Amino acid sequence: MNVLTQIQQFFSDPNTLWVLSGTILLGVSSGVIGSFAFLRKRGLMGDVLAHAALPGICLAFMLTGSKNPLFFLIGATVTGILASMAINTITRFSRIKEDTSLALVLSVFFGVGIVFLTQIQHTNYGNQSGLDKFLFGQSASLVGDDVWVMGGVAIALLLFSLLLFKEFKLLCFDPGFGRSLGFPVGLLDLILMLMLVLAVVIGLQAAGVVLMAALIITPAAAARYWTERLDIMLVLSAFLGGLSGALGTLFSATTANLPTGPLIVVAATMIFLISLVFSPRRGLLSKAIRLAATRKQMARERVLQFLYENREQGYFDPLNTEMILWKYPMSRRRLKSALASLTKDGWIQVEQKGGSFFIRGTGEGWVQAYETVLRTRMTEVWMMHENEIGGNIREEGSTTGEIPPDLFEPLWNLLVKHGREPKWNPKSDSIAGEGGNVP
Amino acid sequence: MQTSNRPVSVRDLSVAYHRKPVLRDVQFDAPEGKLIGIVGPNGAGKSTLIKAIMNLLPLTGGEVQIYGKPYKEQRALVGYVPQRESVDWDFPTSALDVVLMGRYGKLGWFRKPKAADREYAMDCLDKVGMADFAKRQISQLSGGQQQRVFLARSLAQDARIYFMDEPFVGVDAATEKAIIRILNELKTQKKTVLVVHHDLQTVREYFDWLLMLNMRQIAFGPTSEVFTTDNLQKTYGGRLTVLPDLPEPVAETR
Ligand SMILES: Nc1ncnc2c1ncn2[C@@H]1O[C@H](COP(=O)(O)OP(=O)(O)OP(=O)(O)O)[C@@H](O)[C@H]1O
Ligand SMILES: [Mg+2]
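If you read the protein sequences in the order shown, they are chains A and B. Quick note on UniProt numbering: the first sequence kicks off at 1 and runs consecutively. Quick note on UniProt numbering: the second sequence kicks off at 1 and runs consecutively.
These aren't lab readings, by the way, just hints derived from the structure by calculation. Source: prediction; values computed, not measured. Honestly, I wouldn't trust all of these hints.
Unchecked claim - Pairs of lysine-lysine residues, derived as DSS-like cross-links and limited to a Cα-Cα distance of at most 25 Å, are as follows:
(1) B:K51 <-> B:K234
(2) A:K166 <-> B:K72
(3) B:K51 <-> B:K69
(4) A:K166 <-> B:K112
(5) B:K234 <-> B:K69
(6) B:K106 <-> B:K177
(7) B:K72 <-> B:K112
(8) B:K187 <-> B:K177
(9) B:K72 <-> B:K190
(10) B:K34 <-> B:K135
(11) A:K296 <-> A:K344
(12) B:K51 <-> B:K72
(13) B:K127 <-> B:K177
(14) A:K166 <-> B:K69
(15) A:K427 <-> A:K417
(16) A:K97 <-> B:K20
(17) B:K190 <-> A:K166
(18) A:K166 <-> B:K51
(19) A:K41 <-> A:K97
(20) A:K166 <-> B:K114
(21) A:K41 <-> B:K177
(22) B:K135 <-> B:K112
(23) B:K127 <-> B:K34
(24) A:K41 <-> A:K166
(25) B:K106 <-> B:K69
(26) B:K51 <-> B:K34
(27) A:K287 <-> B:K135
As the list claims (entries may be wrong) - Facing chain A, according to a computed beta carbon distance under 8 Å, are these residues of chain B, among others:
(28) P58
(29) R75
(30) L77
(31) Y80
(32) F91
(33) T93
(34) Y104
(35) G105
(36) F110
(37) A173
Unchecked claim - Anything over 12 Å on all C-beta distances counts as not near chain A; from chain B, calculated:
(38) W109
(39) R181
(40) D199
We treat Cβ as the ideally placed atom computed from N, Cα and C, and that holds for glycine.
With the sequences and hints as input, model every part of the structure.
Take a look at the structure:
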């Protein structure tokens, strides 16, 4: 309890920690359900369900006159289900496409909800209802019961997702195949939809009908950037959702009563943007870096190849860099950076003569050039004789460009057969120095 | 003839989309342990037929039996390779995981795949020459490799009857031969394979029996008997200008 009291003191309001754990649980469950919705391409559905919950909550209040969260949950679930049925009906029996019917249903239900809400606020009693907090969410307005319901439902949803992991995976990836195996895809879709409704509804008081959808989809979209595995994506999405919920609640509690929903969205969006740019495989930045590195490597290999091929044909003088561009078209800037990095490695020397640049290899550079050319030519014959040589060229060859040692000999023999073996080996050639490659 | 023991027995089957009939008068008894080709032009209803037999679409008429019983009771006997474009390959999962899905039917609800299932799936991947790609994310596979993953998934179903919708689309000649080798292996295990196929040149080489389809059944029988110029013209509505080289025409059976 020591830590707890510290935190309690820190936040001065003893309720905050309680609310905080509620919103974290909320974020975790929306992150998980959201991932399935996202992969099932039902992202927008979360938004529709959130907006459609408003009339349900208002009706529940008007009918019962109480603010019991259970009644709200029931009301919002009922209108959520009505909304999804409306969407199905419209797409099935009219020419209207799914996106249009989603927009249609969302605005109609939300409009009706606003009418009810105005109605409630014009009655005396309704003034104290605090229902307007449902629009943008106010985590500070959560009381004990709210958090119990919220946390309980969130945990139930998580357990259900765990139980149905395999079935949902099948549903999201290949529903047709799933049905052929005997899984009732329609029922699974319905269960997922119900879970989505619940995940949305328990978040309404904290995050608000307008922005709740962000807590469903954004963590899932962000998590997708970091992994290629569904189980990891779910865990990540849960974590990011929980983090967004926590950050939103903290800011909302510590700054002058800002609504929680927008703050959660800001937090989630920041997380998403970071993922978009910085994630290692799919992120924009790492993609750009990878591309630049490959291009540079390519240009370096071109230069070495050019040097070697000239030397192989008995041309010993330093080479004009313009000739490289002539044979291997590339931008001048790229060539320049390749030359600079090769010089830095000590593989080539550049000299300027009358406005043009000339390059020649160093001792180490010639060896590297030889290796590069050998590798390229071996890959060439390997491709031509893949069947008889064996090995998996597209796998072993593509990423590193290395030739597996056990294939070295047969490939060399093939090179000789085709007359393509590198004719001059700087490692064994004692007169190599004559070409002017002594460092 | 005792037909109820046939792997697939189709009686007077018809299917409609939105009241527009797309298949009618389909009636055949597939013999056991044969490679059966299904040919016909685009939109002939080949995919529709497979889906209808597998209960993925409502029938508007007729009935289908698998080894003498309704499909619903015999599901475990049937393996399926859907058309590759039917799924979004940018899904966070690996090739091995997709093949593992072939085991889900046997696992049933809630149970997670065991190590034995994993091994089985791995063997299936190996059979189609994709063992090296087991851990690869599926969107980073080439089209032909994705096709082989789907084939491996159906092998993982360990079925007795296989329906394959265009398994040769987008695979190179060597892979096509490799797949045919696998199909022939299935045949030796008394398994029945129905394959939608588009390349008329290879029909006689690959298939023992043939179903020719163009919104209705044109012919069904041993390839040597039904694969005739006459039937081809009927199937393709006289639109074939280059006919595959056929042996001397044989009398039509239907
Ligand atoms: N979901 C659908 N709704 C309405 N019509 C459909 C649907 N699917 C297919 N059709 C129609 O049914 C007919 C048969 O389609 P099917 O997909 O079975 O053809 P296919 O023989 O598999 O063609 P392909 O060789 O191009 O794959 C076509 O005319 C098609 O337009
Ligand atoms: Mg088709």
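Task: List of violated hint numbers, smallest to largest - done: When the structure is compared with the hints, numbers 5, 6, 10, 14, 17, 21, 28, 30, 37, 38 turn out to be violated.
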